[in-house]
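Colleague: Sequence:
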Amino acid sequence: MKLITAIVKPHRLDEVKTALQDIGVHGLTVTEASGYGRQRGHTEVYRGAEYQVDLVPKIRIEVVVEDADADAVIEGIVKAAKTGKIGDGKVWAVPVETVVRVRTGERGPDAL
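The numbering of the sequence shown is our numbering, which starts it at 12 and goes up by one.
FYI, nobody ran anything at the bench for these hints, they're computed from the structure. Here a beta-carbon is modelled for each residue, glycine too, at the ideal position from N, C-alpha and C. Check each hint, because a few of them may be wrong.
[Unchecked claim] Calculated pairs, DSBU-like style, for lysine-lysine (alpha carbon to alpha carbon, straight line, at most 30 Å):
(1) K90 x K28
(2) K96 x K13
(3) K28 x K96
(4) K101 x K90
(5) K28 x K101
(6) K93 x K20
(7) K20 x K96
(8) K90 x K20
(9) K13 x K93
(10) K13 x K101
(11) K93 x K28
(12) K13 x K28
(13) K101 x K20
(14) K13 x K90
[Unchecked claim] Pairwise CB distance ranges, derived in the manner of DEER restraints:
(15) D82 x R58: 40 to 50 Å
(16) R58 x K101: 32 to 42 Å
(17) V113 x V56: 45 to 55 Å
(18) A79 x Q32: 10 to 20 Å
(19) P120 x V41: 20 to 30 Å
(20) P68 x A122: 27 to 37 Å
(21) G48 x V110: 37 to 47 Å
(22) P120 x D65: 35 to 45 Å
(23) Y62 x T109: 44 to 54 Å
(24) P106 x V41: 15 to 25 Å
(25) E73 x G48: 10 to 20 Å
(26) T109 x L24: 39 to 49 Å
The task is simple: from the sequences and hints, build the whole structure.
Modeller: Have a look at this one:
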């Protein structure tokens, strides 16, 4: 199994959720996040004063999937989140040793 984590722009969340549902992902976790990459934030003007925004708002999406489904899920997220502009985000996958469904005690693939 793999834990796939994606950091995307907040306005792309609905597209990513739809893409994951179309692939057959049954559950996901979404967290509000902030950070920066190469863009190093941006400058905004508020009430005539210019100031630097160092941390850009992002959304962190996490899903656990079978190894065989990992590439399709990653591609689906990338396709749905891509705007072609700087700050589109990142997606990565890491191995998962054990998954347990708390309610039933099921383990492994049955717990997904």
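Colleague: Tell me the numbers of any earlier hints that the structure contravenes, in ascending order.
Modeller: Those not satisfied are hints 21 and 26.
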